[in-house]
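Asker: Chains Y and E are the protein sequences, given in the same order.
Counting in this note's numbering, the first sequence runs from 4 upward without gaps.
Counting in this note's numbering, the second sequence runs from 27 upward without gaps.
Please keep in mind that the hints were generated in silico from the structure rather than gathered at the bench.
Hints are not guaranteed to be accurate.
[To be verified] Think about it this way: if two alpha-carbon atoms lie no more than 30 Å apart in a straight line, the pair counts; the simulated DSS-like pairs of lysine-lysine are:
1) K139/E - K107/E
2) K131/Y - K54/E
3) K139/E - K131/Y
4) K131/Y - K107/E
5) K140/E - K31/E
6) K140/E - K107/E
7) K54/E - K139/E
8) K131/Y - K108/Y
9) K140/E - K54/E
10) K140/E - K131/Y
Spelled out, the chains give:
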Amino acid sequence: MTPIFDTVQVGDELPALHLSPVDRTTLALFAGASGDHNPIHIDLDVARRAGMPDVFAQGMLGMAWLGRVITAWAPQSALRRFDARFQGITQLGNAMRCSGRVVEKLDHDGEHCVRIELQSANQFGQIKIVGEALVALP
Amino acid sequence: MIDRKWIGHELPASVLPIERSRLQFFAKAIGETDPVYTDAAAARDAGYPDIPAPPTFLFAAELDSGAAFALIDALQIPIAKLLHGEQSFSYHRPACVGDTVTVRSTVSDIYAKKNGALEFVVKTSRATNQHDALVAELRSVLVCRH
């Protein structure tokens, strides 16, 4: 069910997404599916030569997970804007919790919209991505 | 230091056909189980002509074409020093299976912070479909750690 503008309140939480710990298979599949073949995410030797302890998650994988939080709550056709700022590296073994919260109700380009703050944090509470979305609601 | 002459540089256009099996693979890779993203009938029931590309999918256009990493090579940013700083999408209309999306990007800014220890490259893009209608605008901030 699409949320209704009049019933949505500032402070409402979107259902959070709890991911399994990041593993190498996830990174390999996302490399292929996203087209990001940067070996630093899938080849341990390349990651070590770059001074990293191990391979690490593609930023856009984390953003795609935040996208799932939005589209599980409202249809994608209602999504007007989606921004992410990558604040930290998501490491292997990180179990991410992706969440969102309504922070503003506004009119934008003649539509009722809500502004949603998004974040992705690991099991230690370290925030890896913060984001924002603008969603039009009936 | 990244040469500022690249500000204003236009990347070659990247053409991304929106294909069913690719979207299904992408859905699997991000753990998306909503049938709208894998099943044409579910997508039609949701009001789309076919499976829609998920919100971040269009980022693939310049990865598939090679334009994204060609730019990083041209800017002489070593892969080991490259991070994705920010990413934004503004959406105008869905891109669904059967559409062909063309992404055209410009390097809109290059600047330094922390006395040059960090350099930032801002790339802005327009994604249009086969009818020349605007699908989305993208903005990427790449970070080079010196």
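Asker: All the hints need checking, so say for each whether the structure fits it.
Answerer: Consistency of the hints with the structure:
Pair hint K139/E plus K107/E holds up; C-alpha atoms about 15 Å apart against a cutoff of 30 Å. For a cut-off of 30 Å, the pair hint linking K131/Y to K54/E stands: about 22 Å separates their Cα positions. In summary, the hint linking K139/E to K131/Y is supported, as the alpha carbons are separated by about 21 Å, within the 30 Å threshold. Between K131/Y and K107/E, the direct Cα distance comes to roughly 18 Å. Compliance with the 30 Å bound is thereby established for this hinted pair.
Under the criterion of a C-alpha separation no larger than 30 Å, the hint pairing K140/E with K31/E is consistent with the structure, at around 21 Å. With a CA separation close to 15 Å, the supplied pair K140/E and K107/E stays within the 30 Å bound. A threshold of 30 Å between alpha carbons decides the hint, and for K54/E with K139/E the separation of about 38 Å lies outside it, so the pair is violated. For the given pair, K131/Y sits about 26 Å from K108/Y by alpha-carbon distance, which is consistent with the 30 Å threshold.
Restraint check: the Cα-Cα separation between K140/E and K54/E comes to about 40 Å, which exceeds 30 Å; the hinted pair is violated. For the proposed pair K140/E and K131/Y, the alpha carbon gap of about 21 Å is at most 30 Å, so the pair holds.
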